[in-house]
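Protein chains in written order, with my numbering: chain A, 340 to 803; chain B, 60 to 339.
Honestly, the hints are just simulated from the structure, not real lab data. Careful: at least some of the hints might be erroneous.
Said to hold, decoys possible - List time: in silico BS3-like cross-link candidates among lysine-lysine, alpha-carbon distance up to 27 Å:
(1) K743/A to K763/A
(2) K607/A to K85/B
(3) K690/A to K320/B
(4) K613/A to K130/B
(5) K293/B to K581/A
(6) K622/A to K359/A
(7) K766/A to K85/B
(8) K694/A to K581/A
(9) K130/B to K607/A
(10) K690/A to K85/B
What the hints assert, rightly or not - According to the in silico footprint, chain B covers these stretches of chain A (three or more CB under 8 Å from chain B):
(11) 570 to 582
(12) 588 to 601
(13) 604 to 611
(14) 615 to 629
(15) 666 to 673
(16) 764 to 778
Where a beta carbon is used, it is the ideal one built from N, C-alpha and C, also for glycine.
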Amino acid sequence: MSSINRSKTKTPMPAQDPKKRSKNFDEVALGYTEEDAVNEARRCLNCKKPTCMEGCPVQVQIPRFIKHIAEKDFQSAINVIKETNSLPAVCGRVCPQEEQCEQKCILNKMGDSVGIGRLERFAADWERKQGIKAPKQTSQTNKKVAIIGSGPAGLTCAGDLVKLGYEVTVFEAFHEPGGVLIYGIPEFRLPKAIVKQEVEFIEKLGVQVKTDMVMGKVLTVDDVFQMGYDAVFIGTGAGLPKFMKIPGENYLGVYSANEFLTRINLMKAYSFPKTDTPVKVGKKVAVVGGGNVAMDSARCALRMGAEEVYIIYRRSEEEMPARKEESEHAKEEGIIFNFLTNPTRIIGDDKGWVKGIECIQMQLGEPDASGRRRPVPIEGSEFILDMDTVVIAIGTGPNPLLTKATEGLDLNKYGYIDTDENGKTSKEGVWAGGDIVTGSATVILAMGAGKKAAQSIHEYLQTK
Amino acid sequence: MYKILERKDLAPSIKQFVIDAPLVAKKAQPGQFIILRIREGGERIPLTIADYDTQKGTITVVFQEVGKTTKELGTLKAGDHLADFVGPLGQAVQFENHKKVLGIGGGLGVAPLYPKLKMLHQKGVEVTSIIGAKSADLLIMENEIKAVSNKTYICTDDGSKGRHGFVTVVLKELLEKGEKYDEIIIIGPPILMKIGTEITKPYDIPTMVSLNPIMVDGTGMCGGCRVTVGGETKFACVDGPAFDGHKVDFDELMKRLQTYKSEEKTAIDKHEGGGCRCHQ
Numbered sequence: 340m341s342s343i344n345r346s347k348t349k350t351p352m353p354a355q356d357p358k359k360r361s362k363n364f365d366e367v368a369l370g371y372t373e374e375d376a377v378n379e380a381r382r383c384l385n386c387k388k389p390t391c392m393e394g395c396p397v398q399v400q401i402p403r404f405i406k407h408i409a410e411k412d413f414q415s416a417i418n419v420i421k422e423t424n425s426l427p428a429v430c431g432r433v434c435p436q437e438e439q440c441e442q443k444c445i446l447n448k449m450g451d452s453v454g455i456g457r458l459e460r461f462a463a464d465w466e467r468k469q470g471i472k473a474p475k476q477t478s479q480t481n482k483k484v485a486i487i488g489s490g491p492a493g494l495t496c497a498g499d500l501v502k503l504g505y506e507v508t509v510f511e512a513f514h515e516p517g518g519v520l521i522y523g524i525p526e527f528r529l530p531k532a533i534v535k536q537e538v539e540f541i542e543k544l545g546v547q548v549k550t551d552m553v554m555g556k557v558l559t560v561d562d563v564f565q566m567g568y569d570a571v572f573i574g575t576g577a578g579l580p581k582f583m584k585i586p587g588e589n590y591l592g593v594y595s596a597n598e599f600l601t602r603i604n605l606m607k608a609y610s611f612p613k614t615d616t617p618v619k620v621g622k623k624v625a626v627v628g629g630g631n632v633a634m635d636s637a638r639c640a641l642r643m644g645a646e647e648v649y650i651i652y653r654r655s656e657e658e659m660p661a662r663k664e665e666s667e668h669a670k671e672e673g674i675i676f677n678f679l680t681n682p683t684r685i686i687g688d689d690k691g692w693v694k695g696i697e698c699i700q701m702q703l704g705e706p707d708a709s710g711r712r713r714p715v716p717i718e719g720s721e722f723i724l725d726m727d728t729v730v731i732a733i734g735t736g737p738n739p740l741l742t743k744a745t746e747g748l749d750l751n752k753y754g755y756i757d758t759d760e761n762g763k764t765s766k767e768g769v770w771a772g773g774d775i776v777t778g779s780a781t782v783i784l785a786m787g788a789g790k791k792a793a794q795s796i797h798e799y800l801q802t803k
Numbered sequence: 060m061y062k063i064l065e066r067k068d069l070a071p072s073i074k075q076f077v078i079d080a081p082l083v084a085k086k087a088q089p090g091q092f093i094i095l096r097i098r099e100g101g102e103r104i105p106l107t108i109a110d111y112d113t114q115k116g117t118i119t120v121v122f123q124e125v126g127k128t129t130k131e132l133g134t135l136k137a138g139d140h141l142a143d144f145v146g147p148l149g150q151a152v153q154f155e156n157h158k159k160v161l162g163i164g165g166g167l168g169v170a171p172l173y174p175k176l177k178m179l180h181q182k183g184v185e186v187t188s189i190i191g192a193k194s195a196d197l198l199i200m201e202n203e204i205k206a207v208s209n210k211t212y213i214c215t216d217d218g219s220k221g222r223h224g225f226v227t228v229v230l231k232e233l234l235e236k237g238e239k240y241d242e243i244i245i246i247g248p249p250i251l252m253k254i255g256t257e258i259t260k261p262y263d264i265p266t267m268v269s270l271n272p273i274m275v276d277g278t279g280m281c282g283g284c285r286v287t288v289g290g291e292t293k294f295a296c297v298d299g300p301a302f303d304g305h306k307v308d309f310d311e312l313m314k315r316l317q318t319y320k321s322e323e324k325t326a327i328d329k330h331e332g333g334g335c336r337c338h339q
């Protein structure tokens with residue numbers, strides 16, 4: 340049997356060299372070898388009361404799967420993960436484990452936590468190499484559930500419901516399923532082939548995925564009930580881009596992060612003209628914002644050939660909401676960070692193209708509602724940075740396209756859907772979860788919401 | 060996959076397709092548009108719905124071969140399939156209590172004008188139409204427009220058919236003659252809509268235009284189609300594509316349409332330079 344590995348540090352993750360990777364869209368983190376994985380798994384103390392699991396929104400049986408890896412029984416490891424998590428290859432890559440399972444790991448007191456995320460990714464990647472087997476679930480209930488949106492919340496809800504014996508159809512607006520996993524998160528962080536495979540797994544379980552379906556336009560929620568569905572889950576995300584409402588935002592070369600990333604990721608602008616959708620990336624690019632989406636946009640700009648890429652963020656590094664791993668990767672690749680800087684206007688030339696961005700220096704004042712110190716402009720400190728492209732990555736709001744077309748669905752004052760703790764909405768038979776309820780959050784929180792809703796839908800349909 | 064049921068060549072570079080898309084046809088209304096993608100790797104392009112048949116489950120679109128995607132689309136025949144066909148998108152147009160409406164269509168703009176005039180005509184509204192093109196061979200849907208209009212004026216830039224001159228010349232004359240309308244609809248190239256709305260403004264007649272900015276998703280998630288209307292930024296895909304023409308910043312729209320000019324050229328050069336085998 341395997342003995343404990345008493346190393347205080349995580350087994351390092353092999354990664355592409357920063358210089359090389361800043362020129363390609365291949366995955367940055369290369370993943371553990373079998374030997375790395377077993378070594379890391381042997382660091383787990385297999386606690387009687389595993390605190391790590393308290394930090395997992397989808398309740399992965401963490402010590403159980405890690406024990407299987409330590410024993411080189413990789414198939415059992417992935418089986419354990421998949422009992423509760425339908426998207427392990429995705430979660431292993433993009434979950435903020437440092438704020439969840441790994442933060443609660445007992446080893447933190449002595450050194451690094453166990454690399455739970457890296458091990459989850461290893462197990463999922465190992466399975467993919469063997470060829471994923473998915474037993475088709477047979478519908479045992481004769482009841483149908485419609486899922487609107489095929490992002491992390493929708494896919495998780497669909498996966499759980501099909502396993503419970505329901506006939507499940509997922510409706511997706513785009514031509515490819517995956518939601519933010521496809522249009523938002525770039526190839527070098529989450530290869531699209533992996534998303535595809537996770538979707539295929541759910542399809543093999545028996546879920547039907549219908550693309551090109553802009554719900555609220557082509558079909559309403561009431562139409563869906565009339566078509567014979569017994570329950571509906573809405574997981575349409577927070578897809579409406581926010582702009583800063585400063586002068587010059589409509590100049591040519593100013594993008595929302597949504598558009599910039601969608602052109603590159605979903606429409607594969609990095610292959611233009613082999614593919615048909617272009618994107619304009621100049622030599623100097625400014626990305627406004629400090630979240631993961633800003634990091635993704637900046638790193639995409641670099642890979643599209645930009646020479647200088649700036650992050651412009653109004654608070655200081657400490658308040659930056661991006662995952663540390665992402666901002667570190669960005670720094671390694673040469674992204675330039677301008678903290679305590681806020682754009683005041685975008686400057687254009689006579690043809691309407693961006694040529695610069697005027698910013699003002701900020702300083703931190705009293706804490707605001709979020710508990711972070713509020714950035715306050717320093718009067719008279721305006722300065723201009725020359726730019727060819729500006730990407731606005733300051734967040735998104737709820738897209739009203741479906742919610743407005745749904746009668747009897749209560750929204751909060753910001754336009755997000757009101758639900759109870761299980762995702763149940765004010766409309767009979769309708770649940771919602773993910774960013775359309777909480778506002779922009781993480782993949783795993785959306786998955787957690789999808790999971791809770793699936794359970795609640797199951798309880799509801801059993802009594803119907 | 061969405062089947063092309065019929066293809067009709069309306070002019071040397073203008074084609075009309077009837078597409079089998081029952082769900083879209085069931086919900087389509089005048090003023091709305093669709094987004095299509097020919098195949099994997101293709102771009103998503105918006106086309107206004109030129110007609111729809113709820114019973115047959117079909118949508119009619121009209122397009123002009125100007126870029127790589129529309130040129131490739133023009134090589135398809137009845138029986139071929141499109142990978143994606145999404146809609147109906149955008150807001151439907153509403154006309155309340157109108158008695159007399161003037162519809163103006165320039166070039167390809169005649170196609171999106173048609174369903175609006177057809178609806179007005181069916182409601183019993185008195186419809187006058189002015190349609191035009193560069194030359195007689197580029198004039199489209201003349202019979203369809205005439206069938207839903209009480210009176211139709213035809214113009215060509217080169218004088219090869221109807222009046223010699225732009226559609227706006229006739230518009231000006233009608234207004235100067237003292238003709239009154241509850242609303243004027245102008246659809247065509249941005250410059251036509253700009254000039255047209257400038258003509259109608261002093262007469263204080265509500266003037267509707269339909270905008271055609273660059274789009275990706277068509278559902279409000281990218282913001283690429285933003286236009287300034289009445290000093291506010293609007294997304295043409297969800298707030299439009301029809302707007303109050305007196306409030307639209309056409310200069311900004313025309314500039315933004317130039318964003319990918321050099322890439323469009325690259326794509327066409329590659330397309331016609333033997334990169335594909337469509338024409339062999």
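Hint-by-hint comparison with the structure:
no.: 1; hint: K743/A to K763/A; in the structure: holds (18 Å)
no.: 2; hint: K607/A to K85/B; in the structure: violated (32 Å)
no.: 3; hint: K690/A to K320/B; in the structure: holds (13 Å)
no.: 4; hint: K613/A to K130/B; in the structure: holds (16 Å)
no.: 5; hint: K293/B to K581/A; in the structure: holds (12 Å)
no.: 6; hint: K622/A to K359/A; in the structure: holds (18 Å)
no.: 7; hint: K766/A to K85/B; in the structure: holds (25 Å)
no.: 8; hint: K694/A to K581/A; in the structure: holds (22 Å)
no.: 9; hint: K130/B to K607/A; in the structure: holds (21 Å)
no.: 10; hint: K690/A to K85/B; in the structure: violated (42 Å)
no.: 11; hint: 570 to 582; in the structure: holds (count 4)
no.: 12; hint: 588 to 601; in the structure: holds (count 9)
no.: 13; hint: 604 to 611; in the structure: holds (count 4)
no.: 14; hint: 615 to 629; in the structure: holds (count 4)
no.: 15; hint: 666 to 673; in the structure: violated (count 0)
no.: 16; hint: 764 to 778; in the structure: violated (count 0)
Taken one by one, the earlier hints fail for this structure at numbers 2, 10, 15 and 16, listed in ascending order.
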